[in-house]
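Chemist: Sequence:
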Amino acid sequence: LLNSRYLSGAIVLPASQIDFENIKKSIKYASGKPHNCGFHYNALAVLIGSPPTPNGSLSGYATFQSNGKVSEYIFVEGSSSKRSRTGKFAVNGSMTWRVLSKKHGCSLVEFRTNKWDE
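In case it helps, our numbering puts the sequence shown at residues -19 to 98.
Please note that a few of the clues may not be correct.
[Said to hold, decoys possible] Label pairs and their in silico Cβ distance ranges:
| # | residue 1 | residue 2 | range |
| --- | --- | --- | --- |
| 1 | Ser(-4) | Lys49 | 37 to 47 Å |
| 2 | Lys5 | Gly85 | 34 to 44 Å |
| 3 | Asp(-1) | Val26 | 17 to 27 Å |
| 4 | Asn2 | Gly48 | 33 to 43 Å |
Keep in mind the hints are simulated off the structure, nothing from the lab.
We put the CB at the ideal spot given by N, CA and C, even for glycine.
Given the sequences, and given the hints that come with them, work out the whole structure.
Modeler: Rendered as structure tokens:
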């Protein structure tokens, strides 16, 4: 559990019917991309503090892990076992980041992640 990272993300709510249609088009476009197309998702985030380096990357796998009465989806750095991948208990992926700006103890960071292997 020491090398695990929690996964989270923003919920995007459309402000109008036009925005809703744009989100639908983006989802259709992203899900139709070939498996080996490289980076697939870009996001900007405002962080308190900043990452350890201005540019960097993580690779590993996402998996479910029991935590008391619930199962959580977590990211673990490193390689997953072949048995975990073929049993669909682990999904390989990677992420890069780039710090765009730092001010007042916060940073604006661009995150890019690939389409996770299936």
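Chemist: Next, verify each hint and record whether it holds.
Modeler: These are the hints, each one checked on the structure:
1. Range check, Ser(-4) to Lys49: about 40 Å between beta-carbon atoms, so the 37 to 47 Å window is met.
2. Roughly 37 Å separates the CB atoms of Lys5 and Gly85, a value that falls within the hinted 34 to 44 Å.
3. About 21 Å separates the C-beta atoms of Asp(-1) and Val26, a value consistent with the hinted range of 17 to 27 Å.
4. Taking 33 to 43 Å as the suggested C-beta distance range, the pair Asn2 and Gly48 conforms, at roughly 40 Å.
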